[in-house]
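Chemist: Since each chain comes alone in its own frame, lean on the hints to assemble the complex.
Residue numbers (my numbering), protein chains in the order written: chain H, 54 to 136; chain F, 6 to 353.
Check before you lean on any hint, since a few could be wrong.
As the list claims (entries may be wrong) - A short list of chain F residues far from chain H (calculated; beta carbon distances all over 12 Å):
| hint | residue |
| --- | --- |
| 1 | 57 |
| 2 | 67 |
| 3 | 162 |
| 4 | 168 |
| 5 | 182 |
| 6 | 187 |
| 7 | 190 |
| 8 | 199 |
| 9 | 229 |
| 10 | 239 |
| 11 | 256 |
| 12 | 272 |
| 13 | 335 |
To be verified - Derived DSS-like pairs: lysine-lysine, alpha-carbon spacing no greater than 27 Å straight-line:
| hint | chain 1 | residue 1 | chain 2 | residue 2 |
| --- | --- | --- | --- | --- |
| 14 | F | 93 | F | 188 |
| 15 | F | 93 | F | 10 |
| 16 | H | 108 | H | 68 |
| 17 | H | 108 | F | 268 |
| 18 | F | 94 | F | 161 |
| 19 | F | 210 | H | 108 |
| 20 | H | 68 | F | 94 |
| 21 | F | 93 | F | 161 |
| 22 | F | 210 | F | 93 |
What the hints contain is simulated information worked out from the structure, not anything from laboratory work.
Please read all numbers here as calculations on a predicted model, not as lab measurements.
Where a beta carbon is used, it is the ideal one built from N, C-alpha and C, also for glycine.
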Amino acid sequence: MNEREIRAVVLAELKRIAPEVDASALAPGRPLREQVDLDSMDWLNFLVALHERLKVEIPESDYAQLGTLDAVVGYLGRRHGAA
Amino acid sequence: MIEFKLPSLGSDMTEGKLLEWKVKPGEGVKRGDVVAVVDTTKAAVEVEIWQEGVVHELIVQPGETVPVGTVMALLLAPGESAAPQARKKVSPAARRRAAQLGVDLAGVRGSGPEGAVTLEDVERARQPAPPAPAAQPLERQAEMRRAIAAAMSRSKREIPHYYLSESVPLARAAEWLARENEKRPVTGRLLMAALLLKATALACKAYPEMNGHYREERHQPSEAVHVGVAISLRQGGLIAPAIHAVERLSLDELMSSLSDLVKRARAGSLRSSEMSDPTITVTNLGEGGVEVVFGVIYPPQVALVGFGAVRENKVVASVSADHRVSDGHRGALFLAAIARLLQEPEKL
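Chain F with its partners taken away, still in its complex shape (with noise of 0.2 Å):
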């Protein structure tokens, strides 16, 4: 029997309510299917399923808060059948009941004494529960907010943080992007966001310290780079998906997934593993006129990097790194990586 439980999504995660189940019991899922829709302080997030196998019992109803780790529902493994149905304890009125309106007994949970199926389960079991509402905007930014106190305030009590910044030209990068622009149609334009995200990317490979997550005391690099990116909502608030592996994907692709999920934050509707993945996190604050931006990591990440305004052709490119794993001549490197890539935007 394969336990599906709510996975953490994001370190300032720690529980979520199901809205709503995307399976029924019977059916069959497959890796990276969504089953549930769980609200988090940050958003309502669709939760994904990386094991193959039969949905055999829902177990945490719609408008529940559940701790992470809780285990949600139970499926079968490929190949795997349901325990005998008469182990189950089923009263005679529910028995018969489910007879006469086709419910699956396998499929019920149990609710009376030593789990026996009632009348009542049997009833709720015949129609989905519906979906439960989420949060409204001023509790989910109250939330949020709560959220983000705890995640930095953990971040700047376990990581040693050390900062650096560089001054990095961008004119061929600007130059370069100004021609395919002119080429482009609207819809296929790039942002000089998408080059500063694949050259992090890219700089990542060459300093993997800078890359994976910190955990039981030490760090655990990653081969992918999930990048983090730091997307205001309008409504207040800050929320970090990841875009995943950029350093496999072409300036095109990246900017289509830049545009989908930046898009999608805002809709509320990101997904699990976007929520869990990042290894890494890019902010740009440049837009609003800063110069340089300094900022704190996400735990479990090791590394976050801040690019500011772009101002006559030049960038101040800024790295926050975890001192436990990398030390500042390695962290200096990895800004020179970052600038020698954007000097170079046709390889990217």
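Looking at chain H on its own, in the form it has when it is part of the complex (with noise of 0.2 Å):
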């Protein structure tokens, strides 16, 4: 699975969370929890929707490296791929 698809994934699983978000406005670079309001309990179903789609683990000793939207694909394409 190449970055993009991986990003559609991302995208689509976040948009089931907060189907109000408009992923075209999503600045990449910046704090995702900010942009989305996702409380604890929408980030964990988040990181479970991408656990059941991608099969990476995501240890929560992990959850520093996934603070933006670019972090959370480039973190799921490396264990993806080690996978």
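Modeler: What follows is the structure, encoded as structure tokens:
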């Protein structure tokens, strides 16, 4: 799965959690949870959905690496490739 | 004959619009079955039935708005049989058409003079009525705002609130949670919210005056602690459905229930018992950075617990409680119990 496909999965799952989000208006380098108003439960559900779609395990200790949309896509790309 | 009435799904509900029947005449039902979908001001709610029987007649039709307490359907109790059909007035044309279509006249509601079953009634009974549309988002938002206004005004008018807060150390709980989650896959991970809910429920068992309802001029404590979880909806508004008997759930069960409840609340598919049963509410506004929250009690409940942001491994826990039922001293002990329980997260 390439970077573009992973980004599409991330945005689709984000949209499922927060249907009001306009994906085209998201700044990929800015903090994601601030832009989308994701609380802890939304965030966990988002990560569970990504785990189930991409078969990538996401340890809690890695949450700090998932600050922005670009960071999430990059992280998943590396883990997906390694899986 | 059992009368199935539109239940009250919260103190802010006075009426509901039937969207859809999930059963038809002749069908057997048991306790806990979902029999109808009703639109309230807050959400489309799946309404359960708490008696066993056989559906005899569906009185209210999809699209109709009726007050709380209206008889919506009649059911035959186990072993009961329908009244002899001969007593029902049926026009000859309707009787012929019913025979042609195989419609059981016992389950047809008559709209003619003196309740006589007409040809139109038979035709209507032939096909279950299609589901009625639920409220549109903007309409729903306006209705929800009105309902919240009514319930909160009533609360402030009728309930003499008192408010207390306490800073609760969370270092041990946070460390325990981090250790637990390190071992768990993402699908089995716990949130601090689950620990806060469980600690509140256990504290309620020790201080029952914080749990239950105030009705008929007295507190009616509840044996089980059905915690209403305040959930903000993405399109605006607030809903606080219950997780049942939280004191008996393991943290894993509680986490799973919480996750499911949040998803269904936001998708608008809650059940009637979740709306009507909360015996205490917990609101957690810490995610937005709020330091402390003093909530307004949802009548007929008698207390609301609030949690603010976790800062430097501490959280401010608060209680808004009903002075008709408890006093500040007991409220303070209740908060202290929550704090104490959170110091031993492994026992929650």
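Chemist: Checking the smallest CB distance to chain H, is residue 57 of chain F really beyond 12 Å?
Modeler: 36 Å, holds
Chemist: Taking the closest pair, is the beta carbon of residue 182 of chain F still more than 12 Å from chain H?
Modeler: Violated, since 9 Å does not exceed 12 Å.
Chemist: Is it true that the CA of residue 108 of chain H sits at most 27 Å from the CA of residue 268 of chain F?
Modeler: 22 Å, holds
Chemist: Is it true that the CA of residue 210 of chain F sits at most 27 Å from the CA of residue 93 of chain F?
Modeler: 53 Å, violated
Chemist: Mind verifying the non-interface call on residue 256 of chain F? Its CB should be farther than 12 Å from each CB in chain H.
Modeler: 14 Å, holds
Chemist: Could you grab the alpha-carbon distance between residue 93 of chain F and residue 10 of chain F and see if it respects the 27 Å cut-off?
Modeler: 23 Å, holds
Chemist: For residue 162 of chain F, is the shortest beta carbon distance to chain H beyond 12 Å?
Modeler: 32 Å, holds
Chemist: Are the Cα positions of residue 93 of chain F and residue 188 of chain F separated by 27 Å at most?
Modeler: Given pair residue 93 of chain F, residue 188 of chain F is violated - Cα atoms ~67 Å apart, limit 27 Å.
Chemist: Between the alpha carbons of residue 68 of chain H and residue 94 of chain F, is the straight-line distance 27 Å or under?
Modeler: 56 Å, violated
Chemist: Take a quick look at residue 187 of chain F and tell me if its Cβ sits farther than 12 Å from every Cβ on chain H, holds or violated.
Modeler: 6 Å, violated
Chemist: Residue 229 of chain F: least C-beta distance to chain H exceeds 12 Å?
Modeler: 24 Å, holds
Chemist: Is the straight-line distance between the alpha-carbon of residue 93 of chain F and that of residue 161 of chain F 27 Å or less?
Modeler: 51 Å, violated
Figure legend: structure checked against the earlier numbered hints; hints not met, in rising order: 5, 6, 7, 8, 10, 12, 14, 18, 19, 20, 21, 22.
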